[in-house]
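Use the sequences and the hints to build the structure in full.
Respectively, the protein sequence lines represent chains S and E. Note that my numbering has the first sequence beginning at 1, numbered continuously upward. Note that my numbering has the second sequence beginning at 1, numbered continuously upward.
FYI, nobody ran anything at the bench for these hints, they're computed from the structure. Incorrect hints may have been included.
[What the hints assert, rightly or not] Just some of the chain E residues that point at chain S, by a computed CB distance under 7 Å:
1) 204
2) 242
3) 259
Yeah, the Cβ is synthetic: ideal placement off N, Cα and C, and Gly gets one too.
2 protein chains.
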Amino acid sequence: MSTSIFRAASFVFACCLVALLMAQDTMAQLDGSATEALKSWNDCATKQALIAFVQRVCDPKSSDFVPEPERLAVFDNDGTLWPENPVPFQLAYAFDVVSKRAANDAEFAKHPMVQAVLKKDIPTLLAGDRHEGLLQVIAMTHAGMSVEEFQKSVSAWISQAIHPKYNKRYDQLTYLPMQEVLGYLRANGFKTYIVSGGGADFMRVWSERVYGIPPEQVIGSSAKTKFELRDGKPVLIKTLDQLFVDDKAGKPVGIHQSIGRRPIVCFGNSDGDLAMLQYTTIGNPRPSFGAIVHHTDEVREYLYDSAPKSSGKLIEALAEAPKQGWHVIDMKLDWAKVYSE
Amino acid sequence: MSTSIFRAASFVFACCLVALLMAQDTMAQLDGSATEALKSWNDCATKQALIAFVQRVCDPKSSDFVPEPERLAVFDNDGTLWPENPVPFQLAYAFDVVSKRAANDAEFAKHPMVQAVLKKDIPTLLAGDRHEGLLQVIAMTHAGMSVEEFQKSVSAWISQAIHPKYNKRYDQLTYLPMQEVLGYLRANGFKTYIVSGGGADFMRVWSERVYGIPPEQVIGSSAKTKFELRDGKPVLIKTLDQLFVDDKAGKPVGIHQSIGRRPIVCFGNSDGDLAMLQYTTIGNPRPSFGAIVHHTDEVREYLYDSAPKSSGKLIEALAEAPKQGWHVIDMKLDWAKVYSE
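Structure representation (structure tokens):
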């Protein structure tokens, strides 16, 4: 054989060998590694259903096969990937920023909504249909600065703020079983997205480091920035113009805006995720999977979602779950661990 | 050797062999395949600069190395990836839809802006600062229907509408040298995005098939859809609410909204792309590359961008190009071919 024919033949031989050995490995993976990947889960119905679903949509011989570009999975954040108590973590950020500024600025401290924050007077902040007080706090802490300034502020906060119940940093409180779901889906060719009522700019600061989800796969509440040249340098200033709240019926709208096609997997935890669960699973020409994290664990986490006035209330979506085949995750029973050590 | 040791040893051997052969291939690629990948380009300064830039940012030993998740490249569409004459192709779509409906609906045909479309009376459509007439035509053709209905309509149109100059389908008129740039960047770990003043929903129908760019990497003008359940099935209805025009200073805003970080490569063709070129290249902590497609070829394409009233006018950005180091592509001189055969 000439050198080039020998090279080509060796290449083909080596490729075949690798393919064969990898095929054996893949089969092994189908047997055991899904269980291994989801090891913080007890052997519950939801875990089994998720594994069966993933195997079906990834199997080219299955009638349920879904090509990789369409393997899109969306996850709510607060209450689904990490806790939302005693307040959603982004609110803890806003309150900390307001309190810090009030300590150094007597004029600012006189503002009635700043006073409400300092006194932890949540009813005043939430008064009115549009929660005007809270919106004012959001405006004080999330607008008027450049994107970079905001990113620096969030980054500094999350590197040191401590959660009152766990005495740990907020970014150390992601749910381990859900981190495993993210990793398991990505290992099977899924693109994982956050679709949250929280601010996109807030989450993008740490989503890649904490969840392995890059900024472009974070969909959240947002407003238009304003482009300016300052001393010839481009700057984007945060405003509240065209404020979009990525919650309830806004979630499918946000998904369409950013992705342009339907996801096939959706995890949520409250009635705020109802529309996104419906959009993912009802009338989807592709096979789909919907699941709800039900907060039943008052010891390891919180028990709160059945209260009609809870900010993370789960009443309508829970009632619709059996009709639509959505899987309800009982945190207390289904998760062997809630957090990593 | 036991079977498992034999398996492991074969695996390692095969991997090494493949790695060796692939390394040889990679080296070959660095030498010749960039030129091969960009073969519709003459050997111009822009082509050389692009190849040098890509090699630099992909070389882990270079101080200009950029990790893969940050290799983001943005492309304007109309006039950059395909022509925008005699009218932007999306306008040709809107005019065709209006004309077809007018032929079957006498009442609709009486509308003054429908009359303007039928008479090709562009000044009437563009009158006023906000181009109210044109907006009315956009509303008639881009709102009030479901996302799926709109997608079907665009899909049907693009599969048969014919461009008046070339007597070819619009989707057969993408610039071959730019298709090569898209492919070359992707082969080097870049994520390619469209950032266009055109409608995101319009482009997403065919962007994956035509450019290999999936819907989630298409940023364009858009408005909020409205989520509804119809007979229990989720539907997204197109509206003109919170209309966002992804042009001029809107382009960096759209990029931040969808991606959340700065691109490092930007190709545009008009003053509508000036802000996006500035945002990509000025004060970017990463190395960056900006380029402008200059429409200089009246025979193979069009010669139009120096006219102050042209919709694709290139005056400010062309003046700023030498100051900012943006590469100006002279279509007539730099492209060996404009279209594929």
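Problem set entry | Enumerated hints in conflict with the structure, sorted upward | none
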